[in-house]
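Using the sequences plus the hints, can you model the full thing?
Those protein sequences? They're chains D and P, same order as listed. For the first sequence, the residue numbers in this note's numbering are 1 to 383. For the second sequence, the residue numbers in this note's numbering are 1 to 414.
Just so you know, the hints here were simulated from the structure itself, not pulled from any lab data. Be aware that a few hints might be false.
Derived list of chain D stretches under chain P, where covered just means 3 residues or more per stretch with a C-beta under 8 angstroms from a C-beta of chain P [claimed, not checked]: (1) 159-172; (2) 176-190; (3) 302-314; (4) 331-345; (5) 359-371.
Beta carbons: idealized from backbone N, C-alpha and C, even for Gly.
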Amino acid sequence: MTDTATTERPTGLSGLLSRITTGSNAGSLRTSLTTVASSLAAVAIALSICAVLLLVTGKSPVDAYSTILETAGDSNKLLEMLRRSTPLIFSATAVAVGFKMNLFNIGVEGQYLFAALIAAEAGSRVSLPAVAHIVFILLVAMAAGALWASISGILKVYRNIHEVISTIMLNYIALSVIQWLFENFFRDDTVEGLNVKTTIIAESGQMPDLVDGRLNAMFLVALATAGAFWVLVYRSRFGFRLRASGYNPNAAEVAGIGARRMVIAAMLISGAIAGLVAMYSVVGETYAYGPSATPTQFGFAGITVALLGRNHPIGIVIAALLFGFLDSTSAVLQLADVPNSIVKVMQSIIVLAVVVVNEATIRRLNARTAEQMRAQTDSGEAS
Amino acid sequence: MNLLQRMPRIVTIMVVFVVTMSVVRSWTGFDDLTSSGTIGATLRLTVPILLAGLAGLWAERAGILNIGIEGMMILGTWFGAFGAWKFGPWIGLLFAIGGGMIGGGIHAISTIRFGIDQVISGVVINLLAFFGVRYLSELAFVGQPQGGISQSPPQSSPIGRFDVPFLSGGRIGGWTSPDILGNLEERGWFIVGDVAGIARGLTNGVSWASLIAIVLVPLSAWILWRTTFGLRLRSSGESPESAESLGVNVIRVRYQGLLISGAFAGLGGGFLAIVSSSYYRQGQTAGRGFIGLATMIFGNWRPTGVLGGAAVFGYSEGLKLVAGNSITGLFLFIAIVAALAAVMGLVRVSMRRTLAAVAVVAVAMLAYLTVDEVPESLTQSLPYVITLVVLGTASQRLRPPARAGIPYRPGSAH
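Listed below in structure tokens is the structure:
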């Protein structure tokens, strides 16, 4: 390992530079076409696997898929799709920031729930003018998410604990801490019953509605975040360093990019974005945090959306819309006598298929490039 | 290295544990610290974590990270409950093993055949299993008596339990032998009563399935360290190139390792659905797959270490279940053990260790004197906090398989 690293250092660095420069300009048209085609093929493969699953379990795949397709024409369902895609965009972007430098943030789940509780509580305690109040809550959420994520970053940098392990453990620790904080300090004791929450946020801190109670402006914030992600990762010096550290940590280190600082910075940004995941609910729908009111499981869904969207902002938005759409069909499916849990199964299989096909495509492309280079050197030697 | 060579250390740990617990018990009056009830509960709670830890051990020793243990356990709970409901508990356990192996097989195909990132594959398997069994429940359990989308109908017959004759009043034929340990435990003599309580907990009302699970620990150790297959499997995890150059079929060995890993995880899930309870319930695994992963890490990728780690978590859970108020006694226990460590540090002239131990003594004593009741919500996270602390403080002593997590393609050594 060390031998190859030292001998290949010059080529590694120039290779790194060329990869990053060409990669940021969307690469060659052919490569991006191959990428899109392979994603579509993967989705098709996944859908046929699901069709077989449905057939084996005695349900009609034709019914299921035609019901899903019919839903696409319903404008209410399309709004539902946008609403459901909102948290997925945040969550997937948070995961993608980590992926860009080979950091696997499995901890979005804990980060966003912790942030939701802290932001909801902070938002209910202050009184500010309308816009400032919302901005304050969102900033608190980002800070809380970043704080929780920073634990993993610090553990990785100073104690060399792999972030996969620490984020998994911190997810569970977050659940405990949240429960403890909520039950002992933050719970609104005036509310009885099952639907306990934190104190309701005042109207000045409530996110404006876009379409009659079906979609709030957090969707626009999500799109803006995806845009900011693009600028940050592909157009800024920080993003260059981030991707450089991801592509080739040794070369990046030689080029003077401090790996430790990059790990901490990436975890902070990832956690800050993760902090916004549940905000569509906290400032847009329930105006509070509640153990049963605040949605869970988006952290893991975000990983799948990031993988499906290839960690690119446009891909992430498209993937989030696709998953949001599939989620929005579940009620209709149930009416058509197809168990709606097939939707979630379908999503998992789509992701597995996309990752597998992606891996195979990359390997094929690499093999082709290697062959071309070999052909070039051979002809060079011949002449 | 092998079980025999490590025996003295295990014996030391056991003696320290029993004597200290005995002191704490007579000091605090928390009799449940070493009662047979607590130890029995500990055993039942240890088994699923132990099996999850062994599942991780088998996978990583073969060179593949297994984040998907939780998902494989979920498959085990569902298939186990289904099999037990239809055909009885023992067939149920076989179904559970099969369910876990499906998960292990998917993980094997996607990571070994297609070479995708092992962590990603594990995460997707967790999701697939969680929602997959929901789908299956909708088909199989909805409409059945007491069944539903998140719950299976209850099983009619449980797996048998046994009491060891003479020690814990087991029956021989029609004759009930005396419950010697039970009598000793009731007297509550210093140390003798504690040993009797612990031994009775391990010999009274033990499920046959628990016995099988415990036997799997030395069996795993023997297979991995004493057979050709085990050597090949471990070498695939340490240095696949060398293994391949010596004629080992690394790919096949890794497939086998992951199928065994899935089987262990599935059995752990089946234990939850068939022995710990009598039906499948959504969320039954409650993160035990990840706790298993944690025990594997600070068990230092060894079967006996996994057993030790699982027992620690099982004991803290069991104590919480049987006598929640006794938890504060553990602070005193920690303080005494840390004080012993401080003395050891002085003997070995290690200033740093002594100071660290003294600090632990101070914190633990403070906690014992001030805390009356540990909040339930915080004790839940104990296994995860301990894991991070162990990883952060003792990572130099941990030695994971060198190549776990790195994809390997045959012939890539050239």
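Violating hint indices (sorted, rising): none
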